[in-house]
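A.B. asks: With these hints in hand, go ahead and build the complete structure from the sequences.
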Amino acid sequence: MRTGDERLVVAARDVSGAPELLRMEEVTKRFGRLVADDAVTFDVRAGEIHALLGENGAGKSTLMKILYGLQQPDDGRILIDGRQVEIGSPHEAVSLGIGMVHQHFMLVPTLTAIENVVLGMPTDRPPLLDLRDARKRLVELAERYRLAIAPDVPVWQMSVGAQQRLEILKALYRSARLLVLDEPTAVLAPQEADQLFKIMRHLASEGRGIVFISHKLAEVKAVSDRVTVLRHGRVTGQLPTADASASELATMMVGREVKLGRTAPPMAGGDPVLELEAVSCQTDRETAGLRGVTLTVRAGEIVGIAGVDGNGQSEMVECIAGLRSLTAGRLTIKGEVLQGALRNPALLGLIPEDRYSQGLVGDFSVAENLVLKAYSRPPFTERGFLRWGRINGHARAQIEAFDIRTPGPLAKARSLSGGNQQKVIVARETQEQPALLVASQPTRGLDVGAVENVLTLIRRQRDRGAAVLFISTELSELFALSDRVVVFHNGEIMGEVPPDPALLGQVGEMMMGRSLASIRSEAGSAA
Amino acid sequence: MRAPILVPIRAAVRPIAYRAIVPLVSIAAALAVSAVIIVIVGASPLEAYGAMLRGAVGGIGSLATTAVRATPLLLTGLAVALSFRAGIFNIGAEGQLYAGAALSAAVALLPLDLPAIVHVPLTLAAGFLGGALWALVPGWLRAYRGVSEVVTTLMLNFVGIQLVAYLVDPIDGPMGERGASYAQSQVIAESAELPILIRGTSLHAGLLIGLGLAVGLFVLIKYTPLGFRLRMLGGNPVAARFAGLSEKREILVVMLLSGGIAGLAGAAEVMGLRHRLYDRFSPGYGYDGIAVALLAGSNPLAVILSATFFGGLRAGANAMQQSTGIETSVVLIIQALTILFVILGPLRGWARARAARSSESVEASASAV
Numbered sequence: 001m002r003t004g005d006e007r008l009v010v011a012a013r014d015v016s017g018a019p020e021l022l023r024m025e026e027v028t029k030r031f032g033r034l035v036a037d038d039a040v041t042f043d044v045r046a047g048e049i050h051a052l053l054g055e056n057g058a059g060k061s062t063l064m065k066i067l068y069g070l071q072q073p074d075d076g077r078i079l080i081d082g083r084q085v086e087i088g089s090p091h092e093a094v095s096l097g098i099g100m101v102h103q104h105f106m107l108v109p110t111l112t113a114i115e116n117v118v119l120g121m122p123t124d125r126p127p128l129l130d131l132r133d134a135r136k137r138l139v140e141l142a143e144r145y146r147l148a149i150a151p152d153v154p155v156w157q158m159s160v161g162a163q164q165r166l167e168i169l170k171a172l173y174r175s176a177r178l179l180v181l182d183e184p185t186a187v188l189a190p191q192e193a194d195q196l197f198k199i200m201r202h203l204a205s206e207g208r209g210i211v212f213i214s215h216k217l218a219e220v221k222a223v224s225d226r227v228t229v230l231r232h233g234r235v236t237g238q239l240p241t242a243d244a245s246a247s248e249l250a251t252m253m254v255g256r257e258v259k260l261g262r263t264a265p266p267m268a269g270g271d272p273v274l275e276l277e278a279v280s281c282q283t284d285r286e287t288a289g290l291r292g293v294t295l296t297v298r299a300g301e302i303v304g305i306a307g308v309d310g311n312g313q314s315e316m317v318e319c320i321a322g323l324r325s326l327t328a329g330r331l332t333i334k335g336e337v338l339q340g341a342l343r344n345p346a347l348l349g350l351i352p353e354d355r356y357s358q359g360l361v362g363d364f365s366v367a368e369n370l371v372l373k374a375y376s377r378p379p380f381t382e383r384g385f386l387r388w389g390r391i392n393g394h395a396r397a398q399i400e401a402f403d404i405r406t407p408g409p410l411a412k413a414r415s416l417s418g419g420n421q422q423k424v425i426v427a428r429e430t431q432e433q434p435a436l437l438v439a440s441q442p443t444r445g446l447d448v449g450a451v452e453n454v455l456t457l458i459r460r461q462r463d464r465g466a467a468v469l470f471i472s473t474e475l476s477e478l479f480a481l482s483d484r485v486v487v488f489h490n491g492e493i494m495g496e497v498p499p500d501p502a503l504l505g506q507v508g509e510m511m512m513g514r515s516l517a518s519i520r521s522e523a524g525s526a527a
Numbered sequence: 528m529r530a531p532i533l534v535p536i537r538a539a540v541r542p543i544a545y546r547a548i549v550p551l552v553s554i555a556a557a558l559a560v561s562a563v564i565i566v567i568v569g570a571s572p573l574e575a576y577g578a579m580l581r582g583a584v585g586g587i588g589s590l591a592t593t594a595v596r597a598t599p600l601l602l603t604g605l606a607v608a609l610s611f612r613a614g615i616f617n618i619g620a621e622g623q624l625y626a627g628a629a630l631s632a633a634v635a636l637l638p639l640d641l642p643a644i645v646h647v648p649l650t651l652a653a654g655f656l657g658g659a660l661w662a663l664v665p666g667w668l669r670a671y672r673g674v675s676e677v678v679t680t681l682m683l684n685f686v687g688i689q690l691v692a693y694l695v696d697p698i699d700g701p702m703g704e705r706g707a708s709y710a711q712s713q714v715i716a717e718s719a720e721l722p723i724l725i726r727g728t729s730l731h732a733g734l735l736i737g738l739g740l741a742v743g744l745f746v747l748i749k750y751t752p753l754g755f756r757l758r759m760l761g762g763n764p765v766a767a768r769f770a771g772l773s774e775k776r777e778i779l780v781v782m783l784l785s786g787g788i789a790g791l792a793g794a795a796e797v798m799g800l801r802h803r804l805y806d807r808f809s810p811g812y813g814y815d816g817i818a819v820a821l822l823a824g825s826n827p828l829a830v831i832l833s834a835t836f837f838g839g840l841r842a843g844a845n846a847m848q849q850s851t852g853i854e855t856s857v858v859l860i861i862q863a864l865t866i867l868f869v870i871l872g873p874l875r876g877w878a879r880a881r882a883a884r885s886s887e888s889v890e891a892s893a894s895a896v
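Going line by line, the protein sequences match chains L and Y. At position 281 of the first sequence (counting the first as 1) the number is 281 in my numbering, and the numbers step up by one without a gap. Count along the second sequence from 1, add 527, and you get the number used in my numbering.
None of these hints come from the bench; they were simulated from the model. Any given hint could be a false lead.
Stated by the list, open to error - Quick list of simulated restraints, FRET-style, between CB atoms:
hint, chain 1, residue 1, chain 2, residue 2, range
1, Y, Y671, L, E432, 23 to 33 Å
2, L, F385, Y, I870, 26 to 36 Å
3, Y, I870, L, R390, 32 to 42 Å
4, L, A502, Y, S675, 51 to 61 Å
5, Y, I548, L, D363, 14 to 24 Å
6, L, E20, Y, R672, 58 to 68 Å
7, L, D500, Y, S675, 50 to 60 Å
8, L, L34, Y, G569, 51 to 61 Å
9, Y, S675, L, T283, 16 to 26 Å
10, L, V153, Y, G743, 53 to 63 Å
11, Y, V677, L, S518, 46 to 56 Å
Each residue gets a CB set at the ideal place from its N, CA and C atoms; glycine is no exception.
C.D. replies: Structure, rendered in structure tokens:
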């Protein structure tokens, strides 16, 4: 959990007298035998920020998909302004004044901001596309809510934060009175998140209702007026935020007490395993990816990489894996410059940032995914043929050892939950005790229990002497796990700090692009 | 209580049964719609289908005709199915078939005094090589330059057809029989002919090559590291790259194998059936191979069944025309409709869900034991 966030806490307002914008009553949605939402009742009043809290798979997203017309409920009803409505499609949702900012933005990268805003709306002068009035209106909206945006810049050139602002503007442009924000802070630096919270407050103060979906307790505490907690599709709590302590909320969410804090002091590393000397590379768009990064990871230490998504972390991982070529500098693992370190599982284990698209073959069985790298070596292949008995036997052992919840080794990887998919990857990548383990966003999208599991597995690798590079956008995790924290911004290292929670603010500033040196000199002159 | 021994057997058979539902229902639906068309043209569907059935399976001669028609479809179907499994869309089997036929004919025409035991394999190898060469350029472009193989393989089909037309031109084609009334080569050497399997029919050993390859490819895909790599590439190319797979090499390997197999189809036609290289000898076997692979869900063993079905349609078509006067093109309609239903069948999702569920129950019964 984030600490030191007191400055964010805004006194929650009492809106119990305000009219009800939305009421979802006893909404139930089943997928086969799985009950995603079980008689969920949820309401939003005008002027209220209502947090929807729950682990992944708790039913938050399904509930909101029903609200946005993407799914139809099996049971229950929806009332807008007290009138019962049927929401058959997102189009109908929009016309009812519902706006949604999805976790994965729904923007066309090659179109400009203004083009994305008007996409799907009738134009002023059909059949021509006249954007003058639209642009004027967008600029007005942007100024009014301080949502800085350049209307004529294509989306692919925008930062993630700007894309999010654009998504919000898109909803406002369509006169949304009820705005749903799905995990909006997942892609933001702490300071950007603060900015977003201010905007949310402003929007609510004008009588809009806001649904804030999150699994981060500190943020829910900081910004919401009321909170509804979901677990396994059921409402386990609904109360004014002011009345709830973080630990109470966590218990409602997970169903038991959770510990994520540090368990041991930072460790000093041994011999260098991974060494980057002034490494530079390009991104897929041929812009600068890394700019002269120098970094050493030693045996028996976890080096945490902090930074907002898209600041060179992915490129660094691909350079280490040999999937991206360096434009300058030198990268060695155990002192050697390697081609295809990926093919040597005793040297490099890699937990890729996108577990489903990079780490697994969804249509392959769990057993096949567990030997995705080792399939051609004994004992899995002998005399030129795969030995399915051994492959499946190996899978049964790994399922047992890593507590992978699956119907069996032959179940398709796509049918597993995110946490269990990640366990498959961790099991595979650590099986040969690699000298270097690179874990890129290993907990992204996982629920609290699964996060705990994955972090423990990574810590265990460090404890047996592996060098671990741990990349995350979650500062709480980085501080809990790392022995040193290195901050990335725009392909460069801004500075390095020990995992001391008192330094969180400094890390946040470095994530925004200030170097540690300049932060310290300012602090020095202020003192 | 059922006999407990039956439980695992039933559980193992059920997913296969569900996988067969889509193709079977698609075929039935295609036949039903075609029946309406037959009624519209003023004939009796029962009579027509009866004649077709007799022409396809009524007696040794009919069965042999079906098998002869099925042989090139089996080979091109396998070629396409293999590429599909690796996520590559080789729709150039037609061109590769012509290229294979041309190179094998060149070897088969050589006035070598070779025993058949040497000449036949040599000619087959030439056929494989011809098809593989035809796939080499699209394969290389896809692997190293990212050019879509769909476009390049398709375009090379026309080049392949025209290449053969040039080769066998009766006036100036290097392989053409001078003065012949049709664009064709000389008759190939007897030592390069594929043996006839049943005397009195034209059923040749090309069928055995196809059947052997079907089994071989099944084993390759399921039981070898190469097959594992190809399925990985087809299943998720990005994950394959992150697992250290050299995507480029595998793409090239698949294209060469697939093209080679399509080339064998051309070689088998020349060596087993026609004994000459003819201009436009293929009525679109390469394209039909796509249909065969789709109906079979790209499973090499199922390709045997689906090639037999399409071969039977072709064999039965003539019999139907003779006895009912309905144009043979009805079978093209049946073939096209079948594929249409396979592709867009609303059943598809349902069958997949059922198959998934029954494979879960395999797990359940396995863990219960």
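A.B. asks: Could you see if the CB distance from E20 (chain L) to R672 (chain Y) stays within 58 to 68 Å?
C.D. replies: For R672 (chain Y) against E20 (chain L), whose Cβ atoms are near 60 Å apart, the range 58 to 68 Å holds.
A.B. asks: Quick check: does the Cβ-Cβ distance between A502 (chain L) and S675 (chain Y) fall within 51 to 61 Å?
C.D. replies: Once the Cβ atoms are compared, 56 Å apart, the range 51 to 61 Å for S675 (chain Y) and A502 (chain L) holds.
A.B. asks: Holds or violated: 46 to 56 Å for the Cβ distance of V677 (chain Y) and S518 (chain L)?
C.D. replies: holds, 54 Å
A.B. asks: Cβ-Cβ distance between V153 (chain L) and G743 (chain Y): within 53 to 63 Å?
C.D. replies: holds, 56 Å
A.B. asks: Okay, I870 (chain Y) versus R390 (chain L) on CB: inside 32 to 42 Å?
C.D. replies: holds, 38 Å
A.B. asks: Is the gap between the beta carbons of Y671 (chain Y) and E432 (chain L) within 23 to 33 Å?
C.D. replies: holds, 31 Å
A.B. asks: So the hint says 26 to 36 Å: do the beta-carbon atoms of F385 (chain L) and I870 (chain Y) match that?
C.D. replies: holds, 34 Å
A.B. asks: Range first: 16 to 26 Å. Now tell me if the beta carbons of S675 (chain Y) and T283 (chain L) are that far apart.
C.D. replies: holds, 24 Å
A.B. asks: Just tell me: holds or violated, for the beta carbon distance of I548 (chain Y) and D363 (chain L) against 14 to 24 Å?
C.D. replies: holds, 19 Å
A.B. asks: Take the C-beta atom of D500 (chain L) and the C-beta atom of S675 (chain Y), compute their distance, and say whether it sits inside 50 to 60 Å.
C.D. replies: 53 Å Cβ-Cβ, so the 50 to 60 Å window holds.
A.B. asks: L34 (chain L) and G569 (chain Y), beta-carbon distance inside 51 to 61 Å?
C.D. replies: Distance hint for L34 (chain L), G569 (chain Y) holds at roughly 54 Å.
In the structure shown, no violation is registered for any of the earlier numbered hints.
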